[in-house]
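Here the protein sequences come in this chain order: U, Y and V. Counting in the working numbering, the first sequence runs from 1 upward without gaps. Counting in the working numbering, the second sequence runs from 1 upward without gaps. Counting in the working numbering, the third sequence runs from 1 upward without gaps.
Treat the hints as calculated values from the structure; they're not laboratory data. Since the structure is predicted, the reported quantities are computational estimates derived from the model, not experimental observations. For glycine and all other residues, C-beta sits at the position ideal for the given N, C-alpha and C. Among the hints, erroneous ones may be present.
[Stated by the list, open to error] One side only, chain V facing chain U, incomplete, derived with CB under 10 Å: (1) L33; (2) V98; (3) F102; (4) R145; (5) H173; (6) A217; (7) I221; (8) L229; (9) V232; (10) L233; (11) E236; (12) D239.
[To be verified] Dumping the calculated EDC-like pairs for lysine to aspartate or glutamate here, alpha-carbon to alpha-carbon at most 16 Å: (13) K41/U x E248/V; (14) K41/U x D44/V; (15) K41/U x E250/V; (16) K41/U x D198/V; (17) K41/U x D231/V; (18) K41/U x E244/V.
[As the list claims (entries may be wrong)] One-sided excerpt, in silico: chain V residues whose CB lies under 8 Å from chain Y: (19) G29; (20) I30; (21) L142; (22) S175; (23) I242.
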Amino acid sequence: MEDAGFIIGSYAVTFAAIAAYAWRVRIRGRRLARRVPDDAKPWV
Amino acid sequence: MRRRTVAWAVAVKDLRVERRARVATLQVLPFAAIVMVLFAFALDSTAVVERVAPGLVWLATLFSMLVLVQRQFAVEAADGALDALRVAGVDPAAVFWGKAIALALQLAVLEVLLLGAAVVLYRTELRLDGVVLLVTTWVAATVALATVGTLYGGLAAGTTGRETLLPLLVFPVVAPVLIGATRAVEAALGTVGTPGDGWPWFGLVAVFAVAFGAGGTLAFGPLIDS
Amino acid sequence: MQVRSAPQPGTRDTGSRATRTLGLVTLVGIAWLLAFGLGFSPADRDQRESVRILYVHVPSAWLAYLAFVVTAVASGLYLFRKQHSLGWDHLAGASAEVGVLFMAITLVSGSLWGRLTWGEFWQWDARLTTTAFLFVTYVGYLAVRRLGGDHHQRARRSAVVALLAVLEIPLVHWSVRMWRSLHQEATVLSPDGDVKMDGLMLFSLIVGVIVFTLLYAWMVIHRQRTLTLEDVLDDEGLDAAIVERRREAEQPGVGSVAR
Chain U
1 MEDAGFIIGS YAVTFAAIAA YAWRVRIRGR RLARRVPDDA KPWV
Chain Y
1 MRRRTVAWAV AVKDLRVERR ARVATLQVLP FAAIVMVLFA FALDSTAVVE
51 RVAPGLVWLA TLFSMLVLVQ RQFAVEAADG ALDALRVAGV DPAAVFWGKA
101 IALALQLAVL EVLLLGAAVV LYRTELRLDG VVLLVTTWVA ATVALATVGT
151 LYGGLAAGTT GRETLLPLLV FPVVAPVLIG ATRAVEAALG TVGTPGDGWP
201 WFGLVAVFAV AFGAGGTLAF GPLIDS
Chain V
1 MQVRSAPQPG TRDTGSRATR TLGLVTLVGI AWLLAFGLGF SPADRDQRES
51 VRILYVHVPS AWLAYLAFVV TAVASGLYLF RKQHSLGWDH LAGASAEVGV
101 LFMAITLVSG SLWGRLTWGE FWQWDARLTT TAFLFVTYVG YLAVRRLGGD
151 HHQRARRSAV VALLAVLEIP LVHWSVRMWR SLHQEATVLS PDGDVKMDGL
201 MLFSLIVGVI VFTLLYAWMV IHRQRTLTLE DVLDDEGLDA AIVERRREAE
251 QPGVGSVAR
């Protein structure tokens, strides 16, 4: 595939950014969820 | 009190404060003049500078507007004036219009002076058949800038730590006004096209002015409620 | 609400059965997108392989716009309903954050696509310029959310800014289009799939849109829940401070006493 670098690069940047954001949100969520009693969590 | 009376009172008060604090005359005007000179140094080509003169004038106006709004809201915040007005139950829309009118008047004077500077520094020439377009654009752009500056100024300016927010919030709104006002004035001066070509651009600026006049009237109250 | 800081038994994170299912489906979708986008779909006649970038660029653009519409609607629901429920504020904030993320991806992928097809990383064309403007607008919105004050002050302020931002979108779009029509560039190609897509190419694009929608939903749900948790903990911190203050006030001669 010609221009493979740019194309793979685009996909890599896209999914790396999404993964990084998702990771951060999950980690923060875990840290916070531990300190909050379940009755204060609307999704439980 | 009727809204118009309150607005007028606020405008007069703002202009009086300005007369005493002299922010616009002592701080902003020299800043604007320096900016105009710096443009010439940076661009370093008479032909280029003459061609882009309208854009430079509006750019200098924008930068000056930011500085002006910052400094004036800072003066207010130091006295807690905005809070006092709110607590007293004054209609926030009237406060908005009063402040916007005062800001518009100061900006209008600034713009005339900057145009004069352009005539001197950038060899700008005015055309008789472009005067109507020039004046209407000047009014519309000034109203647009003043309403936007007052609206976001109330939110972002005056309190330490918030000042960098003002350019960020203002930029996406004010950039299209810059586009429209520059193209309109270019047409009015005949540097690009003829005055007839400029009217659609004036229309764009006018729509912004109306939109942010309306938006500001509604949004100013909730925005400064903190 | 009781003040606790010790770890509680029960759920340890912001997940639920719905999000776990959603996450699984999304991962499968991503695998499909990679397979079709990078593999099974053909190269384009004009753009050749660079069309593959569009399978992530176009969906992220659409989802960014959707995200901002959701922010605006949620802001309106917070502002104009009597309960002023903070849940809407959390949704607005979460959606805007994800929207900004997608917009950044749009700009980066678009610029890489541009490098391949136009030879330039950036063009002042109407769509790219408008996207850049919106990016700045919503970064501003996120900054406004951090200005401080209590939850409802933050919610009201950001809701107003979000609605103003929505007002700005058509105005910016219109003015940038007028501006660019002055400088007509004869490009047949534009980064929005004005290129005729059919068959496997269209399928790949649709897969992209579905996957990005799932990703959007998953990220917004989790982010909204963390925002809820942050507010709850904020309130707890405030409650604890009030309890402390009262305790101080009750002790004669100790600390400052409120009269």
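Restraint satisfaction for R145/V [CB to CB of chain U, less than 10 Å]: At 16 Å from the nearest chain U Cβ, R145/V fails the 10 Å test, so the hint is violated.
Hinted contact I221/V with chain U - closest CB pair below 10 Å: 8 Å, holds
V98/V as an interface hint toward chain U, with CB separation required under 10 Å: Nearest chain U Cβ about 8 Å off; hint holds.
Satisfaction of hint between D198/V and K41/U, Cα-Cα up to 16 Å: Roughly 46 Å separates the two Cα atoms, so the pair is violated.
Hinted contact L229/V with chain U - closest CB pair below 10 Å: Hint holds; L229/V Cβ to chain U Cβ min 4 Å, cut 10 Å.
Hint consistency between K41/U and E250/V [alpha-carbon to alpha-carbon, up to 16 Å]: 34 Å, violated
Status of the E236/V interface restraint (C-beta, 10 Å, chain U): 8 Å, holds
Hint check: 8 Å Cβ-Cβ cutoff, I30/V to chain Y: Not OK, violated: I30/V not within 8 Å of chain Y, min 32 Å.
Pair hint K41/U and D44/V, alpha-carbon separation not exceeding 16 Å: Cα-Cα ~49 Å, so violated.
Straight-line alpha-carbon gap K41/U to E244/V, limit 16 Å: Cα-Cα ~26 Å, so violated.
Interface hint status, V232/V versus chain U (Cβ within 10 Å): Holds: closest Cβ of chain U sits about 5 Å from V232/V, inside 10 Å.
Proposed interface contact between S175/V and chain Y, which counts if any beta carbon pair is under 8 Å: 3 Å, holds
Hints 4, 5, 6, 12, 13, 14, 15, 16, 18, 19, 20, 21, 23, counting from the list given before, are not met by this structure.
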